[in-house]
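Undergrad: For reference, the chains in residue letters:
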Amino acid sequence: MTRRRLGAAVALGILLYAAALVLVLTDDLGDRRTLVVFLFAAGVVFTITGAIAAARRPRNATGAQMLAVGLVWSLGSLQAADDSFVFTLGFALSALAFVPFTWLILSYPTGRLPRDDRWIVAAVAAIVTLGPLSVVLTDSTPITGCADCPESAFVLSDDAGLARAASLAYALLAAAAALGVFVRLVRRYRASTPPLRRVVGPVYLFTLEALVALIAGGLVSTVSDSAALWLEHLALVSLALMPVAFLAGILRTRLARAGIADLAIALGNGTPLRDALADALGDPSLRLAYWSAQREEWVDGEGMTLAEPIARGANAATVVNHGGTRVAALVHDRTLAEQRELVDAVAATAGLAFEKERLQAELRAQYRFLETIIDTAPSLLTVVDTEGRIRNFNRAVEIASGLEGRTRVEGRHFWEVFIDPAEREAMIERFRAAAPDFPATEYENTFMNANGQERVIAWHSAPLLDESGDVVRVIAGGIDITERKRRELDLQRQRDFANAVADAIPSFIVIVDHDGAVVPAGANRAFLDAFSWALSKLEGTSFLELVADDDEFSARMAIAGAANGVPQSERESRWLTRDGQERIVAWTATPVLDQRGTARVLVSGADVTERARQEEEVRASRARIVAATDAARRRLERNLHDGAQQRLAALSLSLRLTESKLPVDVEAALESLAAARSELAQALDELRELARGLHPNVLTDRGLGPALEGLVVRSPIPVTIDIPAERFPPAIEAAAYYVAAEALANVVKYAQATEVRVRISGDDDGEVQSVVVEVVDDGIGGADPSRGSGLEGLEDRVESLDGVLEIESPRGGGTRIRATIPVARPESGPAEPGHGNPPPVAGPH
Amino acid sequence: MTSATTILIVDDHPSFRRCARAILEADGFAVIGEADDGEGAISAIGSLQPEVVLLDVQLPDMDGFAVLSRLGEDAPSVVLVSSREASDYDGLISASGARGFISKADLSGAAVRSLLP
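Protein sequence lines correspond, in order, to chains A and B. For the first sequence, the positions run 1 to 845 when our numbering is used. For the second sequence, the positions run 1001 to 1117 when our numbering is used.
Next comes chain A alone, as it looks inside the complex (with noise of 0.2 Å):
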């Protein structure tokens, strides 16, 4: 309501109640002054307050239609007139009052009429409109018992029966008007706030009262009209008194703008800040959130993060700024938003307290935040006395120390907590011996918890000072290392099996860089006893060095190449040993990371020149084989040419020349036969020799002893034999044959012997193993396989036996040569029938 209306309603009611007071004072009123009395100052009181509160509140409606009331009330003091008409104009206008009454009730205290309220005003209007018009049409008495009143100047029907049925009819629509409004008004006291109750509560009860008086007039009036006069009087007391209600309402702001002060006292006292602001507003609901700029959240007082703080229900926030800086919020009753100077006012006073407290709740969240890091934090953080008891920790230390709960741990000697029993004297001593610097120090210890788990914790701990430079407490942060310990135990125990594996093949393994040079500790037990090296000399030697000239090459690619990614295929190169000797060594190139994850290369092999001179004498022995087998081939096609062949060839010549004798000399003829004769047998001769040579065949009829005494017969040389009569595996049995065979043939041919020795025996143990042949003579010595004696001959033909062929034989010293030859076992070996025969034609000569 703007000044000027309200001044005009001011100036408007001062006329109306000016007037009415003439008439109240000019007028007999007789009967009548009591009621008038009342009516009149009930207006002027709901005039005046209705003013002030409009000035007061500008912005609330109640201030308005409370004047509204007390200026329409004024029209009822027409009822004083002593004029017929003016007196019944006075009567029919006398109840429009309580249209803006019933407005101002349902409103209060915002002003706002409900939508839902609004047809009770319509009904209300209604009725004190036509209520009041029906009686002054029907009754010429319309207040009832008054006789100095005059008569309705209205009246059409002077029916006493009528009358009677029209105030009755009024009187009921009042009450029940009236009644709705008191169910409506019961009702919204229920279900309001304490704060509103303290409002509205002396408004509702006057207006209550009020209402009840009434409707208990309006029905009593039809059976007792002092009774009626009474309650009628009674209500407008209670109305005449309600302004002072509304007007208490107001003086509770009043009050409470004057509490403004208090609060200001309050927080000079040290009051809480929350507590003085829920007296100061008369909300004890009130609740206060603070604004975290650096979290940028709301927070409470303890500095916990708090929902937006937008009011919700029956609450409401009100955001409080303090230089231009949003600090707080305060959560109150929403009532108190109609009252938003004296909020404003309060947050005002209250800034620097907000500014305070908002300090203190961000301090608080902040220590919050750094309580739940260092809670949750995997380190373990204690801070001890200079006694060395615990004084503060977190949760890291409960766990690793297996105590959980603060108490266990709080006030106990580092020591008790995390030093094993053996070690804790040594820790007193060491603890006290830095004492009173205690200087950061590092260190490590191993110690079984409570739970009996052993934990490894690597400390730092630095000393705590005071404002004046002495040592108060020692920090100490700790990290649990168990696990990392662990697996450093585990890793050294894998390294170790590693090496130990690799020192224990007798594959040669060698780790070298990017240049081929060998690294700290890179090679094996095996490549250092194999190539003579020392582990500290070998170091940075180059691999390429420990390979010979004609390898150097391919090894350098298979450096180069594994140190790229590529893993090398086997090869084999002559490696060196340190004094120059050289090894076949077939390997590869492989890259691998060491444990620091550097790129090397693995070098590994195995060492082959046993393996290499096998298959090289192998390869000899074939080429042998073959070559000795073509020797045989070509010895018999000589014999065969230079024997039987010539003497065949002869034999026939002498035949012919016979035949050519016979007619004409019979003599010659006859000379010539008996030369041929001669010749065949001849042929015959070293036919049968020639086929002994080849098999004997005594040895496969009659075994080894006869066999040789056909040899030792012809022999020019005497031969002592000493050969037992049992039989072995014919391959054993042929193979010992042409030992002693070659042997005798060697003896003949280049001895220069007087007598040989021949002995062929089984190492008998029970179980024949092997066969021995040994032959021994008395000649020159000096006999040498290589130069194509035949001695190399038996020497393949013993080894393919797996035999073993030793020949001794010094110059000036005779020639032993011995043949030890396996017996197959029954199953398998190398006698079993079909393998290790002998060439088909490899026979001695």
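Keep in mind that the hints were calculated from the coordinates and are not lab data. There may be inaccurate statements among the hints.
Computed, partial: chain B to chain A, Cβ under 7 Å [said to hold, decoys possible]:
hint, residue
1, HIS1013
2, SER1015
3, PHE1016
4, CYS1019
5, ALA1022
6, ILE1023
7, SER1083
8, LYS1104
9, ALA1105
Partial selection, computed: residues in chain B whose CB lies under 8 Å from chain A [claimed, not checked]:
hint, residue
10, ALA1020
11, ALA1026
12, GLN1058
13, LEU1107
Simulated restraints, written as ranges between beta carbons of each label pair [as the list claims (entries may be wrong)]:
hint, chain 1, residue 1, chain 2, residue 2, range
14, A, GLU582, B, GLU1039, 44 to 52 Å
15, A, VAL626, B, GLU1039, 29 to 37 Å
16, B, SER1069, A, THR577, 56 to 64 Å
Quick reminder that beta carbons are idealized off the backbone N, C-alpha and C, glycines included.
Put chain B on the given structure of chain A with help from the hints.
TA: Chain B in isolation, oriented as in the chain A frame:
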């Protein structure tokens, strides 16, 4: 009466030389000498100047082809003999300059004479 054709027998087997001498002499050849190896043959050819040489292919020191290669322009007619077949020596005989080849079992004066000019 025309004089008999002189012939030198070269073979390392005495029995064959003896039989060949008897056959050839019976068939009218004049066996003027024998040799048992290559060197001996070359020497005898030089000293005895035979008209025909019965030369064994396989001799201890060198074969008959080697002997032939060392004979000069005025070399006598050479007939090669062997206990092997002529096919064993393939083209060597025709390239050797010899008059021909006779298997030892087939030797006769007629066979030798058939190869001479």
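Undergrad: Confirm or reject each hint.
TA: Going down the list of hints, with the structure as the test:
no., hint, in the structure
1, HIS1013, "5 Å, holds"
2, SER1015, "4 Å, holds"
3, PHE1016, "5 Å, holds"
4, CYS1019, "4 Å, holds"
5, ALA1022, "5 Å, holds"
6, ILE1023, "6 Å, holds"
7, SER1083, "4 Å, holds"
8, LYS1104, "4 Å, holds"
9, ALA1105, "4 Å, holds"
10, ALA1020, "7 Å, holds"
11, ALA1026, "6 Å, holds"
12, GLN1058, "7 Å, holds"
13, LEU1107, "6 Å, holds"
14, A:GLU582 <-> B:GLU1039: 44 to 52 Å, "50 Å, holds"
15, A:VAL626 <-> B:GLU1039: 29 to 37 Å, "34 Å, holds"
16, B:SER1069 <-> A:THR577: 56 to 64 Å, "57 Å, holds"
The structure shown violates none of the earlier numbered hints.
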